[in-house]
Amino acid sequence: GAGVSQSPSNKVTEKGKDVELRCDPISGHTALYWYRQSLGQGLEFLIYFQGNSAPDKSGLPSDRFSAERTGGSVSTLTIQRTQQEDSAVYLCASSPGSSGGPLVEQFFGPGTRLTVL
Amino acid sequence: KQEVTQIPAALSVPEGENLVLNCSFTDSAIYNLQWFRQDPGKGLTSLLLIQSSQREQTSGRLNASLDKSSGRSTLYIAASQPGDSATYLCAVLNAGGTSYGKLTFGQGTILTVHP
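Residue numbers (the numbering used here), protein chains in the order written: chain A, 2 to 118; chain B, 471 to 585.
In case anyone wonders, no lab produced these hints; they're calculated from the structure.
Don't take each hint at face value.
What the hints assert, rightly or not - Computed footprint of chain A on chain B, listed as stretches where at least three residues anywhere in the stretch have a Cβ under 8 Å from a Cβ of chain A: (1) 479-486; (2) 572-583.
Claimed, not checked - Distance condition first, Cα-Cα at most 35 Å in a straight line; then the derived DSBU-like pairs of lysine-lysine: (3) A:K18 x B:K471; (4) B:K538 x A:K58; (5) B:K471 x B:K512; (6) B:K471 x A:K16; (7) A:K12 x B:K538; (8) A:K58 x A:K16; (9) A:K18 x B:K538; (10) A:K58 x B:K471; (11) B:K512 x A:K12; (12) A:K16 x B:K538; (13) B:K512 x A:K16; (14) B:K471 x B:K538.
The structure displayed is predicted, hence computed values, not measured ones.
Glycine is no exception: its CB is placed at the ideal position from the N, C-alpha and C atoms.
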């Protein structure tokens with residue numbers, strides 16, 4: 002079956018512009034995660050959605066970052082007024098999840114490479 | 471706060487060698503530990519997942535062990551091949567506190583297997 006997909010694969014933008022990154026999780030997966038991979042910082046957790054529960058936004062680096070998940074499926078990560086330090090690869094992952102917590106394997110998409118000029 | 475450390479940062483070996491990658495974590499309150507592979511410019515491919523109640527998992531030439539009490543995991547690659555060249559990432563799924571449900575990653579080990 003289809004894995005996690007992300008679009009666009011690459012995005013180049015100018016400082017100060019807003020960008021939207023999209024993630025399509027594996028069908029039926031209730032948990033969805035966003036991570037960021039940047040030079041010098043490694044892979045960092047950003048935000049986590051589990052079913053209909055309120056998302057865990059504790060990893061978002063500033064209020065310029067927001068994410069939503071519509072209909073329990075597709076998710077969009079929005080970065081407003083982009084800065085050069087936002088340049089990174091943004092990875093999305095999904096897992097089957099459970100009511101008791103995300104005890105299972107996370108499957109990652111190919112990522113979106115964001116470059117802010 | 472959970473911290474994950476991987477040693478070595480880089481490793482270069484000739485084809486055919488058996489090798490061990492190390493991962494350590496500071497908080498033993500984990501649900502599971504995953505080893506991933508990342509090829510340049512690509513996403514993450516899950517290699518092995520070990521639940522906190524397990525000691526090891528095997529897949530083909532790969533074997534991962536977990537010692538939760540000491541906060542350590544190793545990934546053993548047997549008979550390495552040039553196609554194994556990639557960055558290997560260790561990540562723990564946190565069980566408690568503010569880190570609940572999140573994967574914390576190590577910085578990775580860059581493996582090069584030369585013919």
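Hey, B:K512 versus A:K16, does the alpha-carbon distance stay inside 35 Å? holds, 25 Å
35 Å limit on alpha-carbon distance, applied to hinted pair A:K18 and B:K471: Holds, at about 33 Å.
Decide if the proposed pair is consistent with the structure: B:K471 and B:K538, CA atoms, cutoff 35 Å inclusive. With a Cα-Cα distance of about 16 Å, the restraint between B:K471 and B:K538 holds, given a limit of 35 Å.
Below or equal to 35 Å on CA atoms is what counts here, so check B:K538 against A:K58. holds, 28 Å
Quick one, are A:K16 and B:K538 close enough, alpha carbons at most 35 Å? Violated: A:K16 and B:K538 sit about 44 Å apart, past 35 Å.
Agreement of A:K58 and A:K16 with the hint, judged by alpha carbon distance not exceeding 35 Å: Since the Cα atoms of A:K58 and A:K16 sit roughly 24 Å apart, the hinted pair holds (cutoff 35 Å).
Next pair to validate is A:K12 with B:K538; report whether the Cα-Cα distance is within 35 Å. violated, 40 Å
With the threshold set at 35 Å, check whether the alpha-carbon distance from B:K471 to B:K512 stays at or below it. With Cα atoms ~28 Å apart, B:K471 and B:K512 stay inside 35 Å; holds.
Can you confirm whether the C-alpha distance between A:K18 and B:K538 stays at or below 35 Å? Since the Cα atoms of A:K18 and B:K538 sit roughly 45 Å apart, the hinted pair is violated (cutoff 35 Å).
Cut-off 8 Å, C-beta pairs, minimum 3 residues; does the coverage of the segment 479-486 of chain B by chain A stand? Result for this restraint: violated, n = 0.
Verify the proposed pairing of B:K512 with A:K12, using a straight-line Cα cut of 35 Å. holds, 15 Å
Whether chain A covers the segment 572-583 of chain B (at least 3 residues having a Cβ closer than 8 Å to its Cβ atoms): Our answer is that it holds, as 7 residues pass the Cβ test (under 8 Å) against chain A, meeting three.
In this structure, the hints that do not hold are numbers 1, 7, 9, 12, in rising order.
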